[in-house]
Amino acid sequence: MSNKHSPSILIFMNTLHKIIHTNKLVFAAVVILGLATVSCEKGDDFSRPPGNTNSFEKDKSDAFKNLTDDETSMWAWAMETSFTNNKFPGLLLQFGKDSTTSIYSIDNNGIISDLTRLRASATLTTSESSLALQLINILRPYSDYQIRQILDDPANLSFKNAVLSLLPNYQNFGSQTIYEEEVGGAFNTNGPIQLSLTFHNSPLMSLLKEYGWLDFDFRLMRYSKDTVELTGYYSNSANKVSQLLRTHDDPTFFAYASTILMTINPSKAKVTMKTGGNVIAIPAGYNSVLHYFYKSFNQGFIQPEGFGFGFVPNGLDADKAPDVFKNAKLVKIKSVRQGNPLTAPAGTVLMTFAVIGQDGASKDVELSKN
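Just so we're aligned, residue 1 is where the sequence shown starts under our numbering, counting upward by one.
Simulated from the structure, these hints should not be mistaken for lab results.
With a straight-line Cα cutoff of 27 Å, these simulated BS3-like cross-link-like pairs (lysine-lysine) come out:
#1 K240 / K58
#2 K295 / K326
#3 K240 / K87
#4 K225 / K97
#5 K58 / K225
#6 K274 / K326
#7 K209 / K87
#8 K268 / K87
#9 K326 / K369
#10 K225 / K329
#11 K268 / K320
#12 K329 / K363
#13 K87 / K326
Make a model of the complete structure from these sequences and hints.
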C-alpha cells in the first residue's frame with residue numbers, strides 16, 4: 001500500500017479537504033437515549049440460566065472472531081454514497097486480534113488527472129490535445145465530485161460529450177491510488193443491549209460522521225464468514241445501512257493497473273493482447289482489444305471469496321467480445337510491470353489479466369506494447 005499521507009495529521013487534512021469540496025450539508029447528530037423504567041414493586045431479573053450458550057458475551061466474542069480470524073484479509077466497505085468517487089467499495093478495513101484496525105482507501109484520481117495523462121501519452125491529435133487542455137482549465141477549480149455533478153446536469157450535455165470524446169468510459173473507469181488513511185486505530189464489538197461495532201481513536205471516522213457520510217458506531221445486524229451487515233445509529237448518515245465484504249485481495253495491483261491503462265490512453269494505445277501465446281483479434285470498430293476492454297468493462301468488486309477487485313463486463317458490445325472475454329464474470333490483475341509504461345520498449349508485457357468465467361475457470365491474458 002502506498003503511504004502518501006505523512007505525518008498522520010496530513011491524512012486528516014487531506015480527507016477534510018476532499019469532503020469539504022463535496023458541498024454536502026452538515027447536520028448536527030441527535031442521539032436518542034432509550035429510558036428503561038424500573039418497577040417499584042419488583043425488580044426485573046435479566047440473569048440467564050447457567051450454561052445458556054446464547055449470551056451477549058458469546059455474540060460479542062463470535063462477532064469479534066469473525067472479523068479477525070484472518071488478519072491478512074481485508075474488508076471492503078460497501079456503502080450507498082461514495083466519498084472516493086468510485087462505484088465500487090472505496091474504503092477497506094483490516095482488523096487485528098489486538099483490537100486495532102487499519103483503514104485504507106481506493107481513491108479515483110479524477111477526470112482532471114486522466115485528461116492530463118491523455119495529453120502526456122502523445123496519442124492525441126493536436127485538436128484533441130487542445131480540447132483536453134481547455135477542459136482541464138475550465139474544470140480545474142472544481143473537485144472531481146463537483147465535476148461529475150456538472151457533467152450529469154442535462155444542461156451541460158455538450159460539455160459532457162466533449163469529455164466522452166476523450167474519456168468514453170469516465171463514469172466507470174479511471175486511474176486509482178491506494179492511500180493508507182490510518183493505522184493503529186481501535187475497534188470493539190460490544191453490547192449488552194444490542195450487538196455493536198464501534199471504532200475508537202479514529203480521526204477519519206470522526207470526520208466522516210461530522211460531515212454526515214458515515215458513523216463510527218454501528219448496530220451489527222447479522223454476519224457470516226464473508227459479510228457483515230451494519231446499520232448506523234444516527235439518522236443523518238448518508239450511509240446509514242452498509243456492508244463489510246471480506247476480500248483476500250491486495251487491491252494494489254488493481255489500482256496500479258488502472259493507472260497504467262489510463263496513462264497509455266486505453267482508447268488509442270498501441271498494444272497487443274495475447275492468451276496462450278496467441279494474439280487476440282481486435283473487435284470490429286475498435287483500435288485494439290484494450291480499447292474494447294476499456295469501453296466494455298467497468299471497475300468493480302465481486303464476492304464471494306476468491307474474487308475481489310477487478311473489472312466487470314457492462315454489457316456494451318457483448319456480441320463483439322473476443323472468445324476469452326465471453327462469459328467473463330470478473331477480470332483481475334495478476335501481475336503488473338513497475339515503471340513508466342510510456343518509456344517501456346516495444347514488446348514489454350505491461351500486465352497480466354486473469355479472466356474468471358461464470359463457471360469459475362480462469363484464463364491468463366497478457367497486455368504488451370507493440
